[in-house]
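Chains as they are written, first to last, in the numbering used here: chain S, 1 to 213; chain A, 1 to 461.
Each hint should be verified, as a subset may be incorrect.
To be verified - Here are the simulated SDA-like pairs of lysine to any residue, each with C-alpha atoms no more than 25 Å apart in a straight line: (1) A:Lys-216 <-> A:Asn-69; (2) A:Lys-127 <-> S:Ser-59; (3) A:Lys-133 <-> S:His-88; (4) A:Lys-125 <-> S:Pro-121; (5) A:Lys-127 <-> S:Asn-208; (6) S:Lys-51 <-> A:Pro-343; (7) S:Lys-51 <-> A:Arg-423; (8) S:Lys-51 <-> A:Tyr-270.
Unchecked claim - Covered stretches of chain A, as calculated for chain S (at least 3 residues, CB under 8 Å): (9) 56-65; (10) 85-99; (11) 115-128; (12) 186-197.
To be verified - Which residues of chain S face chain A? A few of them, derived with a C-beta cut under 10 Å, are: (13) Leu-124; (14) Asp-206; (15) Leu-210.
Worth flagging that the hints you see were computed from the coordinates, not collected in a lab. Glycine included, every Cβ here is placed at the ideal spot set by N, Cα and C.
Given next are the chains, with one letter for each unit.
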Amino acid sequence: MSRVSVPCHVKGTVALQVGDVRTSQGRPGVLVIDVTFPSVAPFELQEIVFKNYYTAFLSIRVRQHSSTHTPAKWVTCLRDYCLMPDPHSEEGAQEYVSLFKHQMLCDMARVLELRLILRQPSPLWVSFTVEELQIYQQGPKSPSMTFPKWLSHPVPCEQPAPLIEGLPDPSRVSSEVQQMWALTEMIRASHTSTRIGRFDVDGCYDLNLLSYT
Amino acid sequence: MLQEESDLSLIIAQIVQKLKGSNLYAQLERQAWGSWEKRILKSLNSMCTELSIPLARKRPVGEQKELLNKWNEMGTDEPDLSLFRPVYAPKDFLEVLINLRNPNYENGDSLSFRTHLGLIQVPLKVKDIPELKEFFVELGLTTGQLGIDDSTQVPPELFENEHVRIGQKVLAEQDGAAAQQYIRQGSPTALRADLWALILNISSQPEDILYYEQLKTNVIQHDLLVDSLIYKDVKLTASNDDYYFVFEDYLYQVLLCFSRDTSVLGHFAYNSASPPKSYIRGKLGLEEYAVFYPPNGVIPFHGFSMYVAPLCFLYHEPSKLYQIFREMYVRFFFRLHSISSHPSGIVSLCLLFETLLQTYLPQLFYHLREIGAQPLRISFKWMVRAFSGYLATDQLLLLWDRILGYNSLEILAVLAAAVFAFRAVNLMEVTSLAAAEAVLADLSTLKVMPLLQIFLFATVT
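Starting from the given sequences, assemble the full structure and let the hints guide the process.
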């Protein structure tokens, strides 16, 4: 299944906090990232790929183009998807994640805008976000091929030509050649993958000092 | 159909992740490991220049003949190794681990619910006792164990005879998965060598013996600086050990060949470290003349030869001994001296040890910390060497049975905590790090399996 990247514009993260007081103790635990597609018509979303950076839970809301004249509404398509099984420890904190359209709660047929809601309830992390966000839509289907007529309608067997004197039976020769070919294929397939194990270059292992790069 | 596809790809990704082990992209790993590797390379380079000894040189024909003649008794050689020093020791490595920091981790001055009171400051996920009980369920009180239920007071009809019979059947069937399950209850001494070979998938084919002979030829032809480091390490550690000094010659035969084995480079695919690189003299920077040094990419540290020594009790044929050691190294031992976030990596083992101690022996932990004797400073050297050289050999082999059976090194951390629990009464009375070290200096009388069983299954928490 091919996929095509959709150019998107990722707006800066917005932190959601209760009240106005921004103390050093209280770091926001919820961030919102808006993703718009300025130059693309409403498309069918296939896949979302990103690299996690210490986000524990992810929710995604989508705004779709509606055919009627009602204004497009925000719908939740992914609710509290767990990225870190234990929000206090490193597991899953920096992993690459792929989300597919069938994992979504709603149809993703005519996407206008996406909103990613990131949650990190643990107070242990200084910051959290998602990076390298990429959205994919379905690529063009491979063009269907029409088989040439002679492949789909094989000609019925012809009568074999009469045997010329002195030459061996062609069907026997062909079966023997086939056996030989099978044997060579077997030998080629079973060649060992063990390395030769040479660590020198043409017998020479006279080295400089070790390099630091 | 699509659901299954992506479920499958998710499962495959998870499996690949587990196989790969280390999260290669973790920031803290790259930085910490990079600077540590550089330190090692610098140390090796400076040894090279100070002593005016080349990293590698081709032996003249006379010397090659001489070495070939005394291949089986290299221990009788007494080269002058006084100027060589080990590249690093476990305590240097511990300092690096202590200084591992995650830049995104809030380590404020005020104590919080997650302040790490131990030495390791990295928040990796480690198992707690309920999870360990589930993981090591075959070590439970109601399951027979070698190391407990084969002692002289227990009549062999109760467990031992049947266990041996099952072991022989497993070997007859050559069933590797069954062997791994079987060995969780320990391996009878007579069957151990074959069982380990079955689990590690080692069978001595003619090509393996040929490969070992090839490595031997490489040793004869080229002399490497790391050879002197290996000599020094063997002389300092294994030769001084009451149990292992008889195997000195075997150790040279295995370790010198190990340094030349380029197939070990394959394990760097799942090890976050990278092998040191160099260039042929005069061809600096030209990629066709880039080589790894040593050829297997592993620079031995102080105590490295102790990974091989216990195996000498099981295998007497050099090429088989070599294969077993190599497989053990690329499966388990490399994790004990490289930085990664793998559950069996040394960082996780250290954190597991400290967490177990802090959670289940809080008074002891607090007391040791107050007197300046952080427990990890004492137990680190046990875990890095997988307890080789610290336990009696029969107990060590019972421990390594379980490492193979559970395919995990976590048992080392559990045993370390169990040892502290066992000697807790004495440790509560000490008032300095030196005294604590003295209490825990001699582990040779300990019985490993009862300690583990009591700590995991019989301690009231």
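Hints versus structure:
1. Proximity of Lys-216 of chain A to Asn-69 of chain A is assessed by CA-CA distance (about 12 Å); at most 25 Å being required, the pair is judged to hold.
2. For the hint pairing Lys-127 of chain A with Ser-59 of chain S, the CA-to-CA distance comes to about 29 Å; that exceeds 25 Å, so the pair is violated.
3. Distance restraint check for Lys-133 of chain A and His-88 of chain S: the Cα-Cα separation of roughly 23 Å lies within the 25 Å cut-off, and the hinted pair is therefore satisfied.
4. A C-alpha spacing of about 17 Å is found between Lys-125 of chain A and Pro-121 of chain S, which places the hinted pair at or below 25 Å, so the restraint holds.
5. With a C-alpha separation of about 46 Å, the suggested pairing of Lys-127 of chain A with Asn-208 of chain S is violated against the 25 Å cut-off.
6. The suggested pairing of Lys-51 of chain S with Pro-343 of chain A holds, with an alpha-carbon distance near 22 Å, which does not exceed 25 Å.
7. A threshold of 25 Å between alpha carbons decides the hint, and for Lys-51 of chain S with Arg-423 of chain A the separation of about 47 Å lies outside it, so the pair is violated.
8. In summary, the hint linking Lys-51 of chain S to Tyr-270 of chain A is supported, as the alpha carbons are separated by about 20 Å, within the 25 Å threshold.
9. Here the segment 56-65 of chain A counts 3 residues with a CB under 8 Å from a CB of chain S, which clears the bar of 3, and the coverage holds.
10. A count of 0 residues in the segment 85-99 of chain A with a Cβ less than 8 Å from any Cβ of chain S is obtained; the coverage claim is therefore unmet, three being the minimum.
11. Given as covered by chain S, the segment 115-128 of chain A passes the check, having 4 residues with a CB less than 8 Å from a CB of that chain where 3 are the minimum.
12. Note: the segment 186-197 of chain A has 0 residues with beta-carbon separation from chain S under 8 Å; the three-residue rule is not met and the coverage is violated.
13. At about 5 Å, the closest approach between the beta carbon of Leu-124 of chain S and any beta carbon in chain A falls short of 10 Å, and the interface hint on this residue holds.
14. Taking 10 Å as the C-beta cut-off, the interface hint given for Asp-206 of chain S holds, the closest approach to chain A being about 5 Å.
15. Satisfaction of the interface hint for Leu-210 of chain S is found here, the shortest Cβ-Cβ separation to chain A being roughly 5 Å, below the 10 Å cut-off.
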